[in-house]
Amino acid sequence: MPDLHPWEVPRRYDVVVVGGGPAGMAAAVGACEGGAERVLMVDREHEAGGILQQCIHHGFGLHHFKEELTGPGYAQRYLEQVLEHDIDVLTDAYVLDVDTARTVSVLSGRYGRLSVDAGAVVLAMGARERTRQAIRIPGTRPSGVMTAGFAQKLVNVAGYLPGKRVAILGSGDIGLIMARRLVLEGVEVVGVFELMPHANGLTRNVVQCLHDFDVPLHLSTTVVRIHGGERVEKVTVAPVDEALRPRMHEAWDVECDTLLVSIGLIPDNELARTLGVRLDPVTTGPVVSSTMETSRDGVFACGNTVHIHDLVDWVSQESRLAGEGAGAHASGRRQAHDNVRLVPGTNVRSCVPHTITTEREHTVYLRVTKSLAPCTLRLGDVYERPLRYVVPGEMVTVKVRPRFLESFHGGALRVDVVPREEAGA
Amino acid sequence: MSETSHYLCINCPLGCRLEVDAAGDEVVEVRGNACKRGVEFARQEHSDPRRMVTTTVAISGAPLARLPVATAEALPKDRVVDLCRALHQLRLQAPVAIGDVVMADALGTGVDVVATRSLERA
Ligand SMILES: Cc1cc2nc3c(=O)[nH]c(=O)nc-3n(C[C@H](O)[C@H](O)[C@H](O)COP(=O)(O)OP(=O)(O)OC[C@H]3O[C@@H](n4cnc5c(N)ncnc54)[C@H](O)[C@@H]3O)c2cc1C
Ligand code: SF4
Numbered sequence: 385m386p387d388l389h390p391w392e393v394p395r396r397y398d399v400v401v402v403g404g405g406p407a408g409m410a411a412a413v414g415a416c417e418g419g420a421e422r423v424l425m426v427d428r429e430h431e432a433g434g435i436l437q438q439c440i441h442h443g444f445g446l447h448h449f450k451e452e453l454t455g456p457g458y459a460q461r462y463l464e465q466v467l468e469h470d471i472d473v474l475t476d477a478y479v480l481d482v483d484t485a486r487t488v489s490v491l492s493g494r495y496g497r498l499s500v501d502a503g504a505v506v507l508a509m510g511a512r513e514r515t516r517q518a519i520r521i522p523g524t525r526p527s528g529v530m531t532a533g534f535a536q537k538l539v540n541v542a543g544y545l546p547g548k549r550v551a552i553l554g555s556g557d558i559g560l561i562m563a564r565r566l567v568l569e570g571v572e573v574v575g576v577f578e579l580m581p582h583a584n585g586l587t588r589n590v591v592q593c594l595h596d597f598d599v600p601l602h603l604s605t606t607v608v609r610i611h612g613g614e615r616v617e618k619v620t621v622a623p624v625d626e627a628l629r630p631r632m633h634e635a636w637d638v639e640c641d642t643l644l645v646s647i648g649l650i651p652d653n654e655l656a657r658t659l660g661v662r663l664d665p666v667t668t669g670p671v672v673s674s675t676m677e678t679s680r681d682g683v684f685a686c687g688n689t690v691h692i693h694d695l696v697d698w699v700s701q702e703s704r705l706a707g708e709g710a711g712a713h714a715s716g717r718r719q720a721h722d723n724v725r726l727v728p729g730t731n732v733r734s735c736v737p738h739t740i741t742t743e744r745e746h747t748v749y750l751r752v753t754k755s756l757a758p759c760t761l762r763l764g765d766v767y768e769r770p771l772r773y774v775v776p777g778e779m780v781t782v783k784v785r786p787r788f789l790e791s792f793h794g795g796a797l798r799v800d801v802v803p804r805e806e807a808g809a
Numbered sequence: 239m240s241e242t243s244h245y246l247c248i249n250c251p252l253g254c255r256l257e258v259d260a261a262g263d264e265v266v267e268v269r270g271n272a273c274k275r276g277v278e279f280a281r282q283e284h285s286d287p288r289r290m291v292t293t294t295v296a297i298s299g300a301p302l303a304r305l306p307v308a309t310a311e312a313l314p315k316d317r318v319v320d321l322c323r324a325l326h327q328l329r330l331q332a333p334v335a336i337g338d339v340v341m342a343d344a345l346g347t348g349v350d351v352v353a354t355r356s357l358e359r360a
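Protein chains in written order, with the numbering used here: chain Y, 385 to 809; chain F, 239 to 360.
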């Protein structure tokens, strides 16, 4: 954004994008492509890029840029596109509220309180990490207990180490990646403790982040108590039985000065909630149409605020679409109404978008409940596709083409992922 | 004489458990791989395991305290920790552009370490 006086900041934009992570950046570019002329992207951080700026590891962009990039590398590539499109970027600015008239209230470090009217709004606030409170670990409340993602930001961006001896609860990818990060920074990682009998993160992260550095992974084990006055002194851990109840007589103490909690992300849906947008009880993000529009007219949503993604490439793809929808909406173009509702069936936890049309091609993103290999993905009785494997940690994407739906005349289409019959395999 | 070792294939999320029969560095047979990329992985992992390394380096004069960096190619696995130690000694000065080499031929391995983002002067 050029240097302006507070009273010079435009008060009306075609599209306002809330959040400048990969979702927000792609939506802003999409909005321009969808016909919007004036687009504003707002982020509370000092620079755009979202969580990518702290994910310094590789694994981004293989699909989108056909090249394996680090998080900051991906962010920089995308930000270049944003700037080429003449999008106004306002950082150090927090969006307080979006109302039903699509007036966006912003608290800006530079301009103070602003109120901006938008032809369409895109919600792209990302996700939050679940905290110690979410699982109620008993004990004292010393300093040194934090989420793994916060520690990641401390280490990779701010340049501080969270402690000297670190225990990690939860084996999601963020926890695993942080174990390696800390070892490489000279911190002792005393172990990763996982409630479930299997690691939650990708196998490649278990190998490259734990095995490579002899960091012990304790499966079916959890932290049952945190000890310490000012600072964490130790944690008590215990194995769990099949019902996931700790077996306290087998508990042991682990000395550490820091506990990182890596137990998952949840969509940041606060703005959506106050706006009265309909939410999906499973994803906890907004229910969205095939153009990523929420139940509120002209309010779109994309990225982790809708459902938790593991690949940023899909975030960019989905968000581009949301932006295009917002751009079209702002320029008064209406798209065909959705006429098919997607219903998660056997072994499908969630589907996004929630509705599609028989007119256009769609990418549907789904998550399964349990691992299967090999298996078949089925859309009602109109389409099926063999899959080599599915795992809950990896989103499945499927392209739904109009011709699959030619013979379909219902309102609801069930999505199942079932074991593949030997004979047909 | 061949000996059996075990590896987890990290080429895709399936994470096959590989059983590898080898005579010294020579891989004779690979079992447990669901696709042929597993064989390639087993060969490399058995004779010359390598890893990409990403870490940060101290930088002054920039809006951030750390510059993210990465090896341009995979480095022998047993040099990873040494490389990070060496990178800890570096003190860079902004500006830095994405792709700039911050350490050439790191530890004599022939592998360069490059910046993975640009940082302007604050
Ligand atoms: C540790 C970790 C490792 C990952 N590893 C990989 C990987 O290897 N490969 C891969 O492809 N993907 C990976 N991902 C996933 C990928 O990074 C995410 O899916 C992606 O960043 C989500 O993008 P987003 O824009 O929805 O959210 P975010 O990146 O979280 O961006 C949201 C933005 O919105 C801003 N914001 C929120 N609320 C407000 C408000 N009220 N006002 C103003 N601004 C606001 C935030 O400041 C933030 O910048 C990883 C994620 C994590 C956490
Ligand atoms: S062997 Fe093939 S299928 Fe198995 S993990 Fe490796 S790449 Fe994946």
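In short, the hints are calculated from the structure, not lab data.
Incorrect hints may have been included.
Below, simulated EDC-like cross-link-like pairs (lysine to aspartate or glutamate); rule was C-alpha separation at most 20 Å, straight line [claimed, not checked]:
#	chain 1	residue 1	chain 2	residue 2
1	Y	K450	F	D286
2	F	K315	Y	D598
3	Y	K754	Y	E743
4	Y	K450	Y	D694
5	Y	K783	Y	E743
6	F	K315	F	D338
7	Y	K618	Y	E572
8	Y	K537	Y	D641
9	F	K315	Y	D694
10	F	K315	Y	E614
11	Y	K537	Y	D664
12	Y	K548	Y	E634
13	F	K315	Y	E431
14	F	K274	F	E257
15	F	K274	F	E264
Just so we're clear, the structure is a prediction, and the values are computed from it rather than from any experiment.
Comparing the hints with the structure gives:
A hinted pair counts as satisfied when its Cα atoms are at most 20 Å apart, and Y/K450 with F/D286 does not qualify at roughly 26 Å. Taking the CA atoms of F/K315 and Y/D598, the gap is near 13 Å; set against the 20 Å cutoff, the hint holds. A distance of roughly 32 Å separates the Cα atoms of Y/K754 and Y/E743; the hinted pair therefore is violated under the 20 Å criterion. Restraint check: the Cα-Cα separation between Y/K450 and Y/D694 comes to about 17 Å, which is no more than 20 Å; the hinted pair holds.
A hinted pair counts as satisfied when its Cα atoms are at most 20 Å apart, and Y/K783 with Y/E743 qualifies at roughly 13 Å. As the CA atoms of F/K315 and F/D338 are separated by approximately 23 Å, the hinted pair breaks the 20 Å bound. Annotation: proposed proximity of Y/K618 to Y/E572 holds, straight-line Cα distance about 14 Å (limit 20 Å). Restraint check for Y/K537 and Y/D641: the C-alpha separation of about 18 Å stays at or below 20 Å, so the hint holds.
As the CA atoms of F/K315 and Y/D694 are separated by approximately 26 Å, the hinted pair breaks the 20 Å bound. Annotation: proposed proximity of F/K315 to Y/E614 is violated, straight-line Cα distance about 39 Å (limit 20 Å). Between Y/K537 and Y/D664, the direct Cα distance comes to roughly 30 Å. Violation of the 20 Å bound is thereby established for this hinted pair. For the proposed pair Y/K548 and Y/E634, the alpha carbon gap of about 27 Å is over 20 Å, so the pair is violated.
A distance of roughly 34 Å separates the Cα atoms of F/K315 and Y/E431; the hinted pair therefore is violated under the 20 Å criterion. Straight-line distance between C-alpha atoms of F/K274 and F/E257 comes to about 14 Å, which keeps the hinted pair within the 20 Å bound. Distance hint between F/K274 and F/E264 is fulfilled; the C-alpha atoms sit about 17 Å from each other, no more than 20 Å.
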